[in-house]
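Using the hints provided, position chain S relative to the given structure of chain L.
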Amino acid sequence: MKLYVYCLTEDIDSLSGPIRGISGAPVRLDKIEELGLMVSEFNDETVPVTHENAMDHAAVVRSVLDRTTPLPFRFGTLVTEQQLRSYVAARKSALKTNLSLVRGCVEMSVKIIWQVAMDQEEEPRKPVQGIGATFLAAKRSEILGSELRAAKAREISMWLQESVKGLTRGEKVSIQPSEKLFLTAAHLVGRDNLNRYRTKMVQARDERRDLHFLLSGPWPPYSFANIELDVKTQFGVS
Amino acid sequence: MSDFDQVIEEWEGTDLSLLETLDHVLNRGLVIAGEITISVADIDLIFVGLNVLVSSVETAHEVLKNRHPE
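Protein chains in written order, with our numbering: chain L, 1 to 238; chain S, 1 to 70.
One or more hints might be untrue.
With the C-beta cut set under 7 Å, the calculated list includes, among others, these residues of chain L facing chain S [what the hints assert, rightly or not]:
(1) His57
(2) Ala58
(3) Pro72
(4) Phe73
(5) Arg74
(6) Thr77
(7) Tyr87
(8) Val88
(9) Ala89
(10) Ser93
(11) Trp114
(12) Trp219
(13) Tyr222
(14) Ser223
(15) Ala225
Using C-beta positions, here's what the derived DEER-type ranges look like [stated by the list, open to error]:
(16) S:Asn27 to L:Gln203: 40 to 48 Å
(17) S:Ala33 to L:Ser146: 29 to 37 Å
(18) S:Ala33 to L:Arg103: 24 to 32 Å
The hints are simulated quantities; they were obtained by calculation from the structure and are not laboratory data.
These numbers were taken from a predicted model, which means no experiment stands behind them.
Ideal Cβ positions, reconstructed from N, Cα and C, are used throughout, including at glycine.
Only chain L is shown next, with the shape it has when bound in the complex (with noise of 0.2 Å):
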């Protein structure tokens, strides 16, 4: 028998009513070093991703974050208690610093896509003769355009950065200038801050109708969540 981990909490003692997780099994809080987690019964030996899951999953977590702010477990994290109370008791004091850092915020997500295609910006291009003319044309055409698109999504950060400064306790941004979808971003907003912060954002958008934007959230702190990231995901087949 091994536990399906969801989230790690602090000032709660109880869950609020019955909640239901992965696969239906009841959730229930437990506590390990002063500090609560939730987990549900697991029988199988791996978690398959399926939406119903992915959704019950964030349920769970979402369902403490009117009464306090958890860190998230990833997807699909899978333990005997055991290991569970040696995880916890060898990180307790990051684990206990990451709760403070997160402590009365929400994440807000933002994701940025480009509208007009780059290539339409660069200047027009000469006509050139012979096939190694032609290749080396198309060669500076492509380095001139993924210069342009890295320079303009830099630009597109450190402007999102200034539009929200004050306003955020945190940031994660990723940018891959190549893609359409070329920015995301994960603000920890303060609870207090957070109408100011969606006014802003939606002023932001009106002073750059040239992108496209995703605002989410809010959602329990999931890109504020990692401590010693040590990945080793094992896939297996169903």
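Only chain S this time, still in chain L's reference frame:
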């Protein structure tokens, strides 16, 4: 209500909220080394989903543009 709010409303209740959920629960969160054990029968849905996310955002935007031409 701004176009932005409307876009957000378009996203809510669609597959986009599901894809955002998948993005969060599968890619982020505390990890206990060596203890994530998942099976991948449904994994294609995630990769397909990310493409759907991008195209759905564009579709939502197009719908709004047609509804409220500037």
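Each hint tested on the structure:
1. Evaluation of the His57 (chain L) hint against chain S yields a held restraint, the C-beta minimum of about 5 Å falling below 7 Å.
2. Checking Ala58 (chain L) against chain S: minimum C-beta separation of about 5 Å stays under 7 Å; hint holds.
3. Interface restraint check for Pro72 (chain L): the shortest CB-CB distance to chain S comes to about 4 Å, inside 7 Å, so the restraint holds.
4. A least Cβ separation of about 5 Å between Phe73 (chain L) and chain S falls short of the 7 Å threshold, and the interface hint therefore holds.
5. Interface hint status for Arg74 (chain L): upheld, as the beta-carbon distance to the closest one in chain S is roughly 4 Å, under 7 Å.
6. With its C-beta approaching chain S no nearer than about 6 Å, Thr77 (chain L) sits inside the 7 Å limit, and its interface hint holds.
7. At its closest, the beta carbon of Tyr87 (chain L) sits 5 Å from a beta carbon of chain S; the interface hint therefore holds under the 7 Å criterion.
8. For the restraint placing Val88 (chain L) at the interface with chain S, the shortest Cβ-Cβ distance is roughly 10 Å, beyond the 7 Å limit, so the hint is violated.
9. Interface restraint check: Ala89 (chain L) against chain S, minimum CB-CB distance 13 Å, threshold 7 Å, status violated.
10. Interface restraint check: Ser93 (chain L) against chain S, minimum CB-CB distance 15 Å, threshold 7 Å, status violated.
11. Interface hint at Trp114 (chain L): violated, since its Cβ lies 10 Å from the closest Cβ of chain S, which is beyond the 7 Å cut-off.
12. The criterion of a C-beta within 7 Å of any C-beta in chain S is met by Trp219 (chain L), whose closest approach is roughly 6 Å, and the hint holds.
13. The beta carbon of Tyr222 (chain L) is positioned within 7 Å of a beta carbon in chain S (closest approach about 4 Å), and the interface hint is therefore held.
14. Because the beta carbon of Ser223 (chain L) sits about 5 Å from the nearest beta carbon in chain S, less than 7 Å, this interface hint is met.
15. Proximity of Ala225 (chain L) to chain S holds as hinted, the smallest CB-CB distance being about 5 Å (cut-off 7 Å).
16. As the Cβ distance of Asn27 (chain S) to Gln203 (chain L) is approximately 29 Å, the hint placing it in 40 to 48 Å is violated.
17. Evaluation of the 29 to 37 Å hint for Ala33 (chain S) and Ser146 (chain L) yields a pass: the beta carbon distance comes to about 36 Å.
18. Taking 24 to 32 Å as the suggested C-beta distance range, the pair Ala33 (chain S) and Arg103 (chain L) conforms, at roughly 25 Å.
Of the numbered hints stated above, those contradicted by the structure are hints 8, 9, 10, 11 and 16, listed in ascending order.
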